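2 protein chains.
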Amino acid sequence: MAADPTPYHQLETRFARLGALGDAAGFLHWDAATMMPDGGADSRADQLATLSAIEHEMTVDPRVAEWIAAAEARVDDLDAWQKANLREIARLHAHASAVPAHLVEALSRACSSCEMTWRTARPASDFAAVAPKLKIVLDLTREMAQAKAEALGVTPYDALLDQYEPGGRADSIDMLFADLESVLPNLLGEVLEAQGRRPPPVRPKGPFPIETQKAVAARFMKTLGFDFTHGRLDVSAHPFCGGSSDDLRLTTRYEEDDFAQAFMGVLHETGHALYEQGLPAEWRKQPVGKARGMSVHESQSLLTEMLACRSRPFAIYAAPVLREAFGGAGQAWEAENLYRLNTLVEPGFIRVDADEVTYPAHVILRYRLERDLIAGRLEIDDLPEAWNEGMQRLLGLTVPDDRRGVLQDIHWYDGAFGYFPTYTLGAMTAAQLFLSACETEPRIPECLAVGDFRPLLGWLRQNVHRHGSSLSTRELLVKATGEPLSAKAFLTHLRGRYLED
Amino acid sequence: MAADPTPYHQLETRFARLGALGDAAGFLHWDAATMMPDGGADSRADQLATLSAIEHEMTVDPRVAEWIAAAEARVDDLDAWQKANLREIARLHAHASAVPAHLVEALSRACSSCEMTWRTARPASDFAAVAPKLKIVLDLTREMAQAKAEALGVTPYDALLDQYEPGGRADSIDMLFADLESVLPNLLGEVLEAQGRRPPPVRPKGPFPIETQKAVAARFMKTLGFDFTHGRLDVSAHPFCGGSSDDLRLTTRYEEDDFAQAFMGVLHETGHALYEQGLPAEWRKQPVGKARGMSVHESQSLLTEMLACRSRPFAIYAAPVLREAFGGAGQAWEAENLYRLNTLVEPGFIRVDADEVTYPAHVILRYRLERDLIAGRLEIDDLPEAWNEGMQRLLGLTVPDDRRGVLQDIHWYDGAFGYFPTYTLGAMTAAQLFLSACETEPRIPECLAVGDFRPLLGWLRQNVHRHGSSLSTRELLVKATGEPLSAKAFLTHLRGRYLED
Chain A
1 MAADPTPYHQ LETRFARLGA LGDAAGFLHW DAATMMPDGG ADSRADQLAT
51 LSAIEHEMTV DPRVAEWIAA AEARVDDLDA WQKANLREIA RLHAHASAVP
101 AHLVEALSRA CSSCEMTWRT ARPASDFAAV APKLKIVLDL TREMAQAKAE
151 ALGVTPYDAL LDQYEPGGRA DSIDMLFADL ESVLPNLLGE VLEAQGRRPP
201 PVRPKGPFPI ETQKAVAARF MKTLGFDFTH GRLDVSAHPF CGGSSDDLRL
251 TTRYEEDDFA QAFMGVLHET GHALYEQGLP AEWRKQPVGK ARGMSVHESQ
301 SLLTEMLACR SRPFAIYAAP VLREAFGGAG QAWEAENLYR LNTLVEPGFI
351 RVDADEVTYP AHVILRYRLE RDLIAGRLEI DDLPEAWNEG MQRLLGLTVP
401 DDRRGVLQDI HWYDGAFGYF PTYTLGAMTA AQLFLSACET EPRIPECLAV
451 GDFRPLLGWL RQNVHRHGSS LSTRELLVKA TGEPLSAKAF LTHLRGRYLE
501 D
Chain B
1 MAADPTPYHQ LETRFARLGA LGDAAGFLHW DAATMMPDGG ADSRADQLAT
51 LSAIEHEMTV DPRVAEWIAA AEARVDDLDA WQKANLREIA RLHAHASAVP
101 AHLVEALSRA CSSCEMTWRT ARPASDFAAV APKLKIVLDL TREMAQAKAE
151 ALGVTPYDAL LDQYEPGGRA DSIDMLFADL ESVLPNLLGE VLEAQGRRPP
201 PVRPKGPFPI ETQKAVAARF MKTLGFDFTH GRLDVSAHPF CGGSSDDLRL
251 TTRYEEDDFA QAFMGVLHET GHALYEQGLP AEWRKQPVGK ARGMSVHESQ
301 SLLTEMLACR SRPFAIYAAP VLREAFGGAG QAWEAENLYR LNTLVEPGFI
351 RVDADEVTYP AHVILRYRLE RDLIAGRLEI DDLPEAWNEG MQRLLGLTVP
401 DDRRGVLQDI HWYDGAFGYF PTYTLGAMTA AQLFLSACET EPRIPECLAV
451 GDFRPLLGWL RQNVHRHGSS LSTRELLVKA TGEPLSAKAF LTHLRGRYLE
501 D
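Respectively, the protein sequence lines represent chains A and B. To convert, note that position 386 of the first sequence is 386 in full-length UniProt numbering; the numbers rise steadily by one, no gaps. To convert, note that position 225 of the second sequence is 225 in full-length UniProt numbering; the numbers rise steadily by one, no gaps.
This is chain A alone, in the form it adopts within the complex (with noise of 0.2 Å):
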C-alpha cells in the first residue's frame, strides 16, 4: 500500500492545480487580447472571476495553512528546491489569506469598472470623469495595503510591492533611486549635446508591409532562441508576453508607416519569453518553478531590447537582414544609422516611448506618487497637478493636458499599486547582468553581430532563467554577477553608449 502523502507533498499536489488554473486564465486572458469577439466579453469576465474565486479558495483554505505549519516543522527532510517551493508556497498563501474574500472581490469589481471608465477618459483627456472610480480603487487599496502589512510585517506599500517584487522594500529602491536621480539630469544634458553634435538619423521611408513585418519579426524571434514550439506571435492593441511557460503567447501591434515599433517591442517581448522558456522543466508545475518577480522579468526583456538588440553589433547583423526584407536602400539603411536611430534621446511626455535615458524619470515619478497616495499623502483630487508638478522638476517638461499626463498608464486604474518600480529595478539589473555576462564570454558582442544570440542566451539560461524562484532577487543577482543590485552598471552603460559613443 502507497504510504500518505506528506503535508509538503499535499502542497505540492495543491500548488500544482493551481498552477494549472492559473496557466488557464493566462489563454484566457490571452484570447480576451487577441481573438475574442466584443459580445464574448461579458461570460469572459464570469470565467476569469470564477477561476480568481476557486484559486483564492484553494490558497487561503485552511488545510493549506496546516499543511504549510507541518512541512516547516520538519523541513530537514526536505531537499533545497522543496525547501525554496515551500518558502514560495508559504509567501503565497500569507498573501491570499491577509485578505478577506469580500475585500477582494470588491477590489477586482472596481478595479474592472475603473479601468473601462479610463479607457474613454484617456482619450477625452477627462480625469474628473474616472477620479470617483479610482478613489474607490484607492480606498480598496489602501484597506488591502494595510491588512497584508499587518500579515507579513512590511508597511502597506512594501507590502503592494511584494506581490510583484517579492522581498523588494521601498528602503532600497528610495537608495538606488537617489543614486540615479543625482546623476541622471546632468547625465541628460551632456547626452543631448553629444547627440546634438552629430547629424541626426533619418528614419526609413514606408510602406512597411504588415505581412513582411510579420515575418521580419519571427525570424529574430527564432534568431534571438525563441522555441516556435512553445509558443505563437499574435497581434494585440497592448502588446505582452502571456499563456504558460509551455506556450508563450507573444503580442505586438503592427503600424504600416513604421516597422521600428512593432519590431523592437517584440524583441523586448521574446526576453520576457526566453526568461518563461528557460525556467526549470521539472519544477514548472511548483511556485518555484515560477518566474523569480517582475524585476527579474523586466530586466530579461530589457537586456534584450535594449542592452542586446539596440546595441551597434546588433545593427550590424540586422541592417542588412531588414533592408533585404522591406527592400530598402540608401543611408536610412545602414547599420550606424538604425543604430543611432534606435539610441534616439528625447525627452517626452509618454512612459512607453521614453528612451533609456529619461525612462527612469518616469518611473520615479509614478514611483513617489503612488507611495504618497497609499500612505495618504496625496489624495485623488491633487494627483494630477502633482504628476504635473514632477515632470516639470524631473524631466523639465510642462504637461499639455492629462492624457499626456497622469492619463497615460492603464496600472493604477486597474489596481496595480506598487508595481512601477520594477520597470528601473529591471533596467538596472540588465545593465549589472549584462556587463557579468560580457565579462565572462567576452566574444557576446561580436557574436550579437553576426546573429549568434547563443553565447549570450547560454549565460542567461545558466545564471538567471534556470534558477525560477529557488533564490531571493538579490541572491540571484549576487551569484549571477558577484554583488547586490546598484545604479552602477546601468550608469555605465548609458554613459559608454550615450557619452563615449
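Be aware that a few hints might be false.
Identical copies look the same in the list; a pair holds intra-copy or inter-copy alike.
[What the hints assert, rightly or not] Simulated pairs of lysine to any residue, SDA-like, Cα-Cα distance not exceeding 20 Å: (1) Lys290 to Gly39; (2) Lys222 to Gln261; (3) Lys205 to Glu334; (4) Lys488 to Val478; (5) Lys222 to Asp38; (6) Lys488 to Pro185.
Treat the hints as calculated values from the structure; they're not laboratory data. Predicted model, so just to flag it, every value in this text is computed and none were measured.
Here the structure of chain A is known, so what remains is to put chain B in place on it, guided by the hints.
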C-alpha cells in the same frame, strides 16, 4: 440584513460557477484545436484535467445532494424554469456522483492514451496497434456504465446514452431504427435508379483560393443569422462548433480544389451555432439554459445543412453568389447542377462523407456494435469482423481495410459510447421540425430561394432554441410538431427529394 440563500439558490450559485468552468474548458479545447503550438499539449492536458477534476468535485460535493433534497422538498416555491433547472441539476449530480473519482480519472487517462494511439493507427490501418488500449477503455466504460445504471435505474447502455441524450432509451431507438431499416434498403435502390436516369452533375473546377472560401463562408454564416459579435470562424483539422453560447467558435478545414466540403461543413456548424445563440439569455449560466441534448443539437445542424442548404431553393439563391465569388462560369455553376451535386447519393465506407440516404446505415451499424460491446456480447478482438459483416449486410459493401472500417471514427477510441445514435435521431428530428416549420410558415422555401433565412430561424428560435433544457426532448418535439419523434417525416423528406424530384 439579506436573508440566507435558499438551498435552490445555493444550487444556482454552484452551477453558475460550474457553467463558467465548463465554458473556460470549452475555450481551452478550441485553442488546442486551432491555435496551440504542439509544445503546449502536455500542459494543456494538465489544465483541462484540473478543470475536470474541480468540476467533478464541485458537482459531487455532499452539500449539493443536501441542497437538492432540500430544494425538492420545497419545490412548490419554484417557478416552472426553476423547477426544470432543479431537474437538470439533479440529473447532472446523479451522473457525476454515480462514478467514483478514481474511475473518472482512470477512464480519462485511458481515453487520452487510446485516442493518441488511434491517431497513428488509423492512417496505418493497424487495428491491432490500438486494440489493447481500446480494451482498457471498454472495460472501464463497462464499469462506469454499470455504476451509472445502478444509480439511474436504467440499463448500462441507456446510462451511457443518457449522458448525450437525456431521457434517451435504446428501446425507442430500436423501434425508430427498425422503421428506417424496413424502408431504406429498397429506397436506396430506387434512389440510385432514379439518379442513374439523369445525366451526372458536373463538379466546378478550382482552384478555389482559401481566402475567398473564408470570405464566402463568413458571408453565408451572416446570411443564415450568425452573429459575429458573438463568435468566430477558424481552421482546425476536424470541424466543430465550440466555445460558449455567448462566444461561439466555429471551425472548418479548406481544400484548394474543392470548396463544397468546407462550405457545407460551415453551414452545418452554423446550425449548431444558431441553436446556441438562440438559447434563453437569462438562463444561460444554468443547466436549464443549455442545449437540450445531442439529438436536438444535431437536428439543428442537419436541418440547416441538409433540409435548408442542400435544397433546391437554397441552390437558386447560392449559385450566383458562389459563381461570382469564385469567378466561375458554365453549366457547373448553375443552380440545378449545384443542387444535384449537393444531393448526390453514393454508398461508401466513410460515415462523415455519407449522403443522407445512406448515413443511417452507418449509424445503425455502430449503434448495434456498441450495444453488444457494452453488454459483453462482443469483444474488441472480434470487432473488425463484426464491422465488416455489418457493412456488407447494411450497404452491400466489402470493407477493404480497417482504415476505411472500424478505425475511421474517433468516438470509441475517445470513450464516447452511446453517442452515435444521436446523429440519426438528429436527422429524423430535423426532418420533423422542418416539415412543421414549413407548415406554419409556408413561405420558408421561397424565402430560402432569395437568401432570407429569417422565417425559418424565427420558427426555430420560437419552437426550439428558446426552450433550452426546460422541456424534455420528447416534450419539445411534441410541442413543436404535435407528435413524438418518428421516422415518418424523414422518410417523406427522402422520398420527396430523391424520388419525386
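| field | Structure versus earlier hints, numbers of those that do not hold, lowest first | value | Structure breaks no hint.
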